[in-house]
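Asks: Below are the chains, spelled out letter by letter.
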Amino acid sequence: MTLELQKPRPIWQIMFSTHHTDVGLLYLITSLTFLFLGGSLALGIRAELFLPGSQIIADSMTFNRIFTVHGTTLIFLFIIPFASAVGNYYVPIMVRYKDMAYPKLNAIAFWMIPPAGVLIWLGFADFTWYATPPYSIISAPGPAADMWIFGLKILGVSSVLGALNFVVTILKCKHPDMSIGQIPLLAWSFLSSSLIIIVAIPTFAAALLMLLTDRLGVSGFFNPAMGGDPIAYAHLFWFTFHPEVYVLVIPAIGMMYEIIPRFSRKPIYSYNSGVFAFVMLAIVGFSSWAHHMYATGMSFTEKTVFMVGTLAAVPASAMHVFNFVATMWNARIRFSTPMMWAVGGIALFFSAGAGGVVNSAMPLDFTTHDTYWVVGHFHLFVMGTIAFGSIGYLYYMFPYVTGRMYNETLGKIHFVLSFIGTVLVFFTQHVLGLYGMPRRIYDYPPIPEWIAMNQIASIGAMIIGISMAIFLANMIYSAGKGKPADTDDPFGLGGRYYYPFEAKNPSH
Amino acid sequence: MSGHSNWPEWIYVAVVIALMAWVGAEAWETERLIEHVPEDAKIIIVTGQQWFWTFEHEDGTKEIGELHVEVGKAYKFEVISKDVNHSFNIHDYVVLMDAIPGRVNTVWFAPDKVGEHDIQCREYCGLIHYNMRGTLYVTEPSS
Ligand code: HEM
Ligand SMILES: [Cu+2]
Ligand SMILES: [Cu+2]
Chain A
1 MTLELQKPRP IWQIMFSTHH TDVGLLYLIT SLTFLFLGGS LALGIRAELF LPGSQIIADS
61 MTFNRIFTVH GTTLIFLFII PFASAVGNYY VPIMVRYKDM AYPKLNAIAF WMIPPAGVLI
121 WLGFADFTWY ATPPYSIISA PGPAADMWIF GLKILGVSSV LGALNFVVTI LKCKHPDMSI
181 GQIPLLAWSF LSSSLIIIVA IPTFAAALLM LLTDRLGVSG FFNPAMGGDP IAYAHLFWFT
241 FHPEVYVLVI PAIGMMYEII PRFSRKPIYS YNSGVFAFVM LAIVGFSSWA HHMYATGMSF
301 TEKTVFMVGT LAAVPASAMH VFNFVATMWN ARIRFSTPMM WAVGGIALFF SAGAGGVVNS
361 AMPLDFTTHD TYWVVGHFHL FVMGTIAFGS IGYLYYMFPY VTGRMYNETL GKIHFVLSFI
421 GTVLVFFTQH VLGLYGMPRR IYDYPPIPEW IAMNQIASIG AMIIGISMAI FLANMIYSAG
481 KGKPADTDDP FGLGGRYYYP FEAKNPSH
Chain B
1 MSGHSNWPEW IYVAVVIALM AWVGAEAWET ERLIEHVPED AKIIIVTGQQ WFWTFEHEDG
61 TKEIGELHVE VGKAYKFEVI SKDVNHSFNI HDYVVLMDAI PGRVNTVWFA PDKVGEHDIQ
121 CREYCGLIHY NMRGTLYVTE PSS
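One line per chain: the protein sequences are A and B, in this order. Taking my numbering, the leading residue of the first sequence gets 1, the next gets one more, and so forth. Taking my numbering, the leading residue of the second sequence gets 1, the next gets one more, and so forth.
Honestly, the hints are just simulated from the structure, not real lab data. Hints are not guaranteed to be accurate.
[Stated by the list, open to error] Derived coverage of chain B by chain A (criterion: at least 3 residues anywhere in the stretch with Cβ under 8 Å from a Cβ of chain A; other residues may be distant):
no. : segment
1   : 7–21
2   : 28–37
3   : 102–114
4   : 124–138
[What the hints assert, rightly or not] What follows is a list of derived Cβ distance ranges for each label pair:
no. : chain 1 : residue 1 : chain 2 : residue 2 : range
5   : B       : 15        : A       : 175       : 22 to 28 Å
6   : A       : 115       : B       : 34        : 47 to 53 Å
7   : A       : 300       : B       : 71        : 27 to 33 Å
8   : B       : 137       : A       : 206       : 44 to 50 Å
9   : B       : 14        : A       : 416       : 51 to 57 Å
Source: prediction; values computed, not measured. All C-beta atoms in this analysis are idealised placements derived from N, C-alpha and C, irrespective of residue type, glycine included.
Construct all of the structure, not just a fragment, from the sequences and the given hints.
Replies: As structure tokens, this is what we get:
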């Protein structure tokens, strides 16, 4: 299988192309750029928190801007575009169609991302990734805040356009000989996450406009001084963003469904339960949003409803874990780099979910809410599960995209260091949360336990930083000078474990 | 499809569902108990504003950044905010309640030992959020 035409082309031909593999490449490069930019900010945050007192960041305003842009960048400019990259490369091939359903729309959806990224980075807002009013209305300095709002608005439109394209490509353009029950689980993951996007994002899109007019002083939806209610924003925000966490995680699970059976040299244990679990997550994911709001003064009944809704989604996540473990059971596993990342990702996915259950149980959430526990919880997903699945998949795609092989030893070193680092940072942050350290703080009192655990976390972050430098070097060097890959069997698994279809030539 | 029977997965899913039901039931029962405010609880009005806490006791005395209470008595906090969202937190006693402008949220506790505990803000509120801290003093009843 090849995913890219081998003949060298000038860069502008790729930039102005609407072919799905070219748009995929653009998404890929953009998302990796933002991975490194956003990751550098994280290193800054961890360096600052290594000790109490001011370390490398001059003042709290700068610190607040850094963690805001860090979160916004990695969620919206790394994770989501990375999934789009994989979807662009693979979904048309998997449904055996020549391209995405609407190639021009596809290119437009991509080209909305760079300007949005520029707005977010030039503005450098400080109101956290959820821009909560009334802070975001009456306190957050402009124009940064307004640039962030516009940036997110554009990203939302881009997401919806991309999602529509995936849904139509899968449902309407799949080869007539294929039933929907035959498309690979990766394609199912894009179908499920795209449907979530289409239902969830418009709500936040509306909330963003209301926030903007509130800031301009012409409305008061969320401003108590004008009769509004900030809690309304919290509902609108989380109605979009709890389902959105499944938008982030589902494609990564889909990528693991490509990697794990292949490197186990077995079919997936149960295709049907994979499909079922994706669809369940997409539906039940809408019943739990206010588990982010237990401490806002909701009534006992409301809290109970949202706790039940949250716990109801857990079995579906757990089914994926079972499916992976059952597939690997008694298999002739080949632990090449992609497989290591996928297996590590599942282990962290399981730990993350276990922490999530603790958050869901309402009395326990009063201990964990808005402490470092929550930071640890969702990073085990966004870093431990999603970035791990994505990076594993990037190694897996690498020979098909570049025609060359990456350096396997460096790939494994990258994994081992990242895994150790991730455990050090994010498991420690769970404990730090139990000791009561609030999140989003620039400085902290010299409590011995807090210092010790912050230092472990900061060292873990440095280890991840080093591993990512190795990764970057490996990718850049191997893309140009790596040894030519055997694109029929780049991982030495034996030929019949690969996907049989190729990307079609764009010049048809 | 793939020939093998699927009973291990069914058992596994059943176990997960049972576990979640148990977690949910325990959480529900605990929350129900701790939300029941004792009738003799004394009211303290807690005001969050950028970037300090003010406490007003029933007798009208006010404290800033410090809160004095007596061991063995129940207190009900009425948490309000003058500007943006904050979150009133005494971590050692698992007291956590958002201070949201335009709303009065309540939470209660009954300190059981004499001592000092940190009070902090757990919801991002801007520039000095990191230092919106205070101290709780639990003292012997003055009688
Ligand atoms: C087993 C499944 C999961 C459960 C039971 C769960 C539960 C929860 C709960 C109850 C909270 C609120 C914690 C608090 O603020 O006090 C939370 C926060 C969060 N979760 Fe999960 N979660 C699960 C899966 C996920 C997944 C798959 C993702 C992401 C890909 C995710 C991302 C997040 C994020 C980003 C936050 C914090 C948002 C913030 O406050 O900034 N969670 N989770
Ligand atoms: Cu959630
Ligand atoms: Cu605060």
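Asks: Now look at each hint and say whether the structure bears it out.
Replies: Results of checking the hints against the structure:
Coverage of the segment 7–21 of chain B by chain A holds [criterion: at least 3 residues with CB-CB distance below 8 Å; count 8]. By the rule of at least three residues with a Cβ nearer than 8 Å to a Cβ of chain A, the coverage given for the segment 28–37 of chain B holds, with 6 such residues. Using a Cβ-Cβ cut-off of 8 Å, 4 residues of the segment 102–114 of chain B lie near chain A, which meets the minimum of three, so the contact claim holds. Counting residues of the segment 124–138 of chain B whose CB lies closer than 8 Å to any CB of chain A gives 9, so the stated coverage by that chain holds, three being the minimum.
One distance hint, 22 to 28 Å for the beta-carbon pair residue 15 of chain B and residue 175 of chain A, is violated here, with the actual separation near 40 Å. Separated by about 49 Å at the C-beta atoms, residue 115 of chain A and residue 34 of chain B satisfy the suggested range of 47 to 53 Å. The supplied range of 27 to 33 Å is met by residue 300 of chain A and residue 71 of chain B, whose beta-carbon atoms lie about 28 Å from each other. Against the hinted window of 44 to 50 Å, the Cβ-Cβ separation of residue 137 of chain B and residue 206 of chain A comes to about 47 Å, which satisfies the hint.
A hinted range of 51 to 57 Å is violated for the C-beta pair residue 14 of chain B and residue 416 of chain A, which are about 37 Å apart.
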